[in-house]
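J.: Sequence lines, in order, name chains A and B. Straight run, no breaks: the first sequence in the numbering used here ends on number 641. Straight run, no breaks: the second sequence in the numbering used here ends on number 480.
These are computed hints drawn from the structure, not numbers from a lab. You may find that some hints are simply not true.
Claimed, not checked - Derived BS3-like pairs (lysine-lysine); straight-line CA-CA distance at most 30 Å:
id, chain 1, residue 1, chain 2, residue 2
1, A, 413, B, 424
2, A, 404, B, 290
3, A, 321, A, 89
4, B, 350, A, 103
5, B, 64, A, 353
Unchecked claim - Residues of chain B clear of chain A, computed beta-carbon distances all greater than 10 Å:
id, residue
6, 80
7, 84
8, 174
9, 315
10, 352
11, 426
12, 448
Ideal Cβ positions, reconstructed from N, Cα and C, are used throughout, including at glycine.
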Amino acid sequence: MARSHKVTKPKRQQVDTSGSYNALMVLMGDNVKKAEKRVEEEEPVEQELEEDDIEGAGEEEEEVDEEQEEEEDADDAEEDAEDDSETDKYDPYKLHFEAEEAKYVSVIKSEEWKTSSEKTKIGSQPVRITYTNLEDADELLDFSEAQKTEFSKYTVRPRIKDGFKQLNGSLTSVQKAIYPSLMAYRDLCYATSSLSDTEEFSRLVAMHIAQHVVRTAEEVAYNTRILKRNAEEGIHDVEFRDQGYTKPRVLVLVPTKNACFEFMQLLVGASGVDREDNKARFNKAFHEAGAVLDTKPEDFQKAFKGNTDDMFCLGVKLRNKSIRYYSYFYQADIVFASPLGLKTLVGSEGDSKREFDFLSSIEIAYLHETNHMEMQSWDNVLTVLGQTNLLPNESHGCDFSRVKSFYLDGLAKHFRQTIVACQFVTPTINSVFSNTVNFAGKTKITPIYNGELAVAGMKIRQIFTRFKALSVSDEIDARFKAFVQITLEGMIRSGDYSGTLIYVPTYVELVRLRNYMDEKNISFGAISEYSSITEVKRHRTLFRDGREKILLYTGRLHHYRRYFVKGVKSVVIYKLPENPAFYRELLLFLTHSVDEGTLEQSMAKCRALFTIYDLLALERIVGTKRVKTMAKSGESSYEFY
Amino acid sequence: MAKATEKRVKRAKKEESGSESEDNDAIAQEILDTTKSDNEEEEPKKSSKNYTSVEVDESEEQTKTFKDLGVIDSICETCEELKFTKPTPIQAQSIPYALEGRDIIGLAQTGSGKTAAFAIPVLQSLYENPQPLYCVVLAPTRELAYQISETFEALGSAMGLRTAVVVGGMNMMTQAVALSKKPHVIVATPGRLVDHLENTKGFSLRTLKFLVMDEADRLLDMEFGPSLDKILKVIPRQRNTYLFSATMTSKVEKLQRASLVDPVRVAVSTKYQTADNLLQYMVFCPFKHKDTHLVYLVSENAGNSMIIFARTKSDTQRISLLLRNLGYGAIPLHGDLSQTARLGALNKFKSGSRNILIATDVASRGLDIPAVDLVINYDIPSDSKSYIHRVGRTARAGRAGKSVALVSQYDLELYLRIEGALGKKLDSYPLESEAVMLFSERVAEASRAAIQEMKGEDGTKKRSKFDKKRRRDEMDIGEQ
Chain A
1 MARSHKVTKP
11 KRQQVDTSGS
21 YNALMVLMGD
31 NVKKAEKRVE
41 EEEPVEQELE
51 EDDIEGAGEE
61 EEEVDEEQEE
71 EEDADDAEED
81 AEDDSETDKY
91 DPYKLHFEAE
101 EAKYVSVIKS
111 EEWKTSSEKT
121 KIGSQPVRIT
131 YTNLEDADEL
141 LDFSEAQKTE
151 FSKYTVRPRI
161 KDGFKQLNGS
171 LTSVQKAIYP
181 SLMAYRDLCY
191 ATSSLSDTEE
201 FSRLVAMHIA
211 QHVVRTAEEV
221 AYNTRILKRN
231 AEEGIHDVEF
241 RDQGYTKPRV
251 LVLVPTKNAC
261 FEFMQLLVGA
271 SGVDREDNKA
281 RFNKAFHEAG
291 AVLDTKPEDF
301 QKAFKGNTDD
311 MFCLGVKLRN
321 KSIRYYSYFY
331 QADIVFASPL
341 GLKTLVGSEG
351 DSKREFDFLS
361 SIEIAYLHET
371 NHMEMQSWDN
381 VLTVLGQTNL
391 LPNESHGCDF
401 SRVKSFYLDG
411 LAKHFRQTIV
421 ACQFVTPTIN
431 SVFSNTVNFA
441 GKTKITPIYN
451 GELAVAGMKI
461 RQIFTRFKAL
471 SVSDEIDARF
481 KAFVQITLEG
491 MIRSGDYSGT
501 LIYVPTYVEL
511 VRLRNYMDEK
521 NISFGAISEY
531 SSITEVKRHR
541 TLFRDGREKI
551 LLYTGRLHHY
561 RRYFVKGVKS
571 VVIYKLPENP
581 AFYRELLLFL
591 THSVDEGTLE
601 QSMAKCRALF
611 TIYDLLALER
621 IVGTKRVKTM
631 AKSGESSYEF
641 Y
Chain B
1 MAKATEKRVK
11 RAKKEESGSE
21 SEDNDAIAQE
31 ILDTTKSDNE
41 EEEPKKSSKN
51 YTSVEVDESE
61 EQTKTFKDLG
71 VIDSICETCE
81 ELKFTKPTPI
91 QAQSIPYALE
101 GRDIIGLAQT
111 GSGKTAAFAI
121 PVLQSLYENP
131 QPLYCVVLAP
141 TRELAYQISE
151 TFEALGSAMG
161 LRTAVVVGGM
171 NMMTQAVALS
181 KKPHVIVATP
191 GRLVDHLENT
201 KGFSLRTLKF
211 LVMDEADRLL
221 DMEFGPSLDK
231 ILKVIPRQRN
241 TYLFSATMTS
251 KVEKLQRASL
261 VDPVRVAVST
271 KYQTADNLLQ
281 YMVFCPFKHK
291 DTHLVYLVSE
301 NAGNSMIIFA
311 RTKSDTQRIS
321 LLLRNLGYGA
331 IPLHGDLSQT
341 ARLGALNKFK
351 SGSRNILIAT
361 DVASRGLDIP
371 AVDLVINYDI
381 PSDSKSYIHR
391 VGRTARAGRA
401 GKSVALVSQY
411 DLELYLRIEG
421 ALGKKLDSYP
431 LESEAVMLFS
441 ERVAEASRAA
451 IQEMKGEDGT
461 KKRSKFDKKR
471 RRDEMDIGEQ
């Protein structure tokens, strides 16, 4: 595995800056020694970081003839400019990023968000589409016009258009529903449990990213050429505001190396590049053959295929004809990273070495397979997003005369497009998505659910009990209380509770229940994502054989392993799983016992607690239709067969 | 004493140059010169000048209005709003020449209205020909830079003026951003401006039309010379340059020759010791009772705003703690404070929420504090120039003021030197020593507590930090 030569480049720059600092000190007739000391102090820190093994982090740029590349880009840009002028194209980029200052400022300041939603169908899948808009945002970019405009009328670089066509064919129904929001730089949240829909969505996103990166890079190169010519002729009054503080414009957060690799294939395909630099090295580090057991569910196979390393950061430079992996961050166009890998670079408050300047000018942030990242650690995602679009600490060679004015005014986050692709929307995703401030507005597409009640193929009693929680913060204690009172005590009193599987979402809830049951002398087994494999094996066996009557089982363990737990006679759900597939699988544990003959069908039962704060998860389990009647406050029980 | 000296306008054509017939640092001489010119003596100092020269006495009544000087209406209105009713002498003399497009050398002290004297012509020119990156003002200290930018902003508010302050000790990136927003006026300390010229890509002063050097003598004192040279090299030769200085040293003259073209020299002879409104006293006391005497003076003048000058930072810190322990609203101002803390301290004092400022010489010059009733010299400054500047904090703009110097047995020599420079003996401050000694016990206790507090917060770590910072404030203090 390639060791990362952490920030060799910045080191050089630091010496540079301290050099000029020295010079200044000399000018002031001051002692220079101190400045030297500063540099010395910093070096050990870097060595420390060199040992850190974040795959792909801060690679040093190999010898590249930047100027020649820029020239090529400028040539391409000139050609394209000719192409573009031929037809009347629809170009949302211009409307969004080159909006008139007075207008966007007034739109941003209004802060009046309006929401409307509609039910429609994408293909055969009924969906709900929610639009959230700022008042008057239409004056900048009329979204209805974006929707009316055909895909072929949008400005797309010819090479990308061809590449995308080859990769994708003509637009699918999913893509048709999405392209106006995506290409009009609206925030977009797309939830679907269908793998093929996800794939189609990703392809379109890859095309959009490629288009954004290539067009902006070419514009910069083209303008540089003009400036150079002007300088030769002694003209100084032309200026271009065409870039951010730092080069990277796109941030792609992916959970695993394999996901990164797969998305990269789409990007390469969609951008239609001829040349891939460092390809062998990238493939070696990110690609790994080998499938997951095919007995596991489909979405699990997809999520854990190939290289599941979740510690990497990768700078990618994308140009009209070539793509380069392992580009130095401050020269890259796209930063691919796992939340953990990027968080390690970004660091947290008080760390001696933090590096997040390269996130200052992100214009598109794409969260890929978001639910998986949620299971990894959502905090990392929040940290990383929190450090985007800030003023960098150092200039990193930025040409300030070309920085776009909305960066200078600190409004960059109002321009950033955030794209979230997920299987299902959870409260955490919702909170991130509703806190983005892109003035173009947002589009959220969620499926309408039929529910998972009938999927067991067998009549199973399913009881949903609503408890009362006054607020989100109160919910945790109220749930525990309700669980103990309604479920646990009655269960223990009845005496017959062998084969009870208690599903808790995370380790935190597991610990609380474990402590309580220890206190009450109730014997049980508990397995979580922190248990060793032997421990898990032992408890599963004991539970299957009926020697342990209760098994506590966490949702995160299920996410990472998808065990098939045997010997289940009753399922108790402490908190509904966000992933409806988990509920389906919990029911399958019961049907399996029935099939095996260890459980009478009439005795099989699944009990769940819920509150009004669980409606998103509940909707996916009982279906969109039923959830409405269940969405009330107060206590009540619902039984389904 | 305030007899209006007649205005002497002398126009001498550019004839010979290279006249370095000037004594370098005869400060006392300088002061004596100025006092002499008050007394209507013959033409002092600089025998050979290769420029138009105008001299005027500060106390002279101005009969002209801004409009008479040729200032355009919109700026006149702003002046009225800001209560600048009449031009001060330096403004009256320099603005007409400046509006003609001449370069200006101004010899004047802070408080004489010189900031507006250069701001108004710059703004007027900018008004007629709006363009970003129009003017650079160089100032020796951060505080002064902020004050200048405030004046510019106030005067230019009607025309939507944008200014940027670029000084050391603040975030380079924020400043780079401010510069790339293309301000009309940049107020800067030379070192940091050079830093930006060298390191901030995309920033240049190619279009500059005005250069103002404020307190040029201090700029040069603080070894900003090389930075100034660098700046002069990269800005266009086609420009107007204003140079303001308190004294005309040979260094300043060299700078003037290097940067100004056919300048008009406007000298305002400030009277340092106007007997009518500044009462200067001294208190002779034993060293060990210095604190007691100080507290007595403070308590006697309680309610008045005052500045106490001390020589060292730890003294300022100690005295402010001491006074606070005794219930007075005291606030220290010295170089160990961060930039924001300094501005904060100054603002608290300005707004009147604290009325005792204890300062090192950082604050002795360049700060425009509107009304101080009393200046106490806890230590006698080592040179008479500093003394003049310290007591110059009070009795400004025609108001009455008092200054008291605490002289201990160790300060005697310094004090005598100052008396010599002033050319007069100071009265002793009327106090009853018995009444003073009543304070001694409480003061001793408060002093002990103060020292204790200082030790408490002064760990070894902090010490090392202080050492680091020292270097930077030395440029503010401008010690010789």
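J.: Now look at each hint and say whether the structure bears it out.
T.: Here is what the structure says about each hint:
no. : hint            : result
1   : 413(A) x 424(B) : violated, 67 Å
2   : 404(A) x 290(B) : violated, 60 Å
3   : 321(A) x 89(A)  : holds, 23 Å
4   : 350(B) x 103(A) : violated, 40 Å
5   : 64(B) x 353(A)  : violated, 62 Å
6   : 80              : holds, 31 Å
7   : 84              : holds, 32 Å
8   : 174             : violated, 7 Å
9   : 315             : holds, 24 Å
10  : 352             : holds, 34 Å
11  : 426             : holds, 36 Å
12  : 448             : holds, 36 Å
Checked against the numbered hints above, the structure violates hints 1, 2, 4, 5, 8; every other hint is satisfied.
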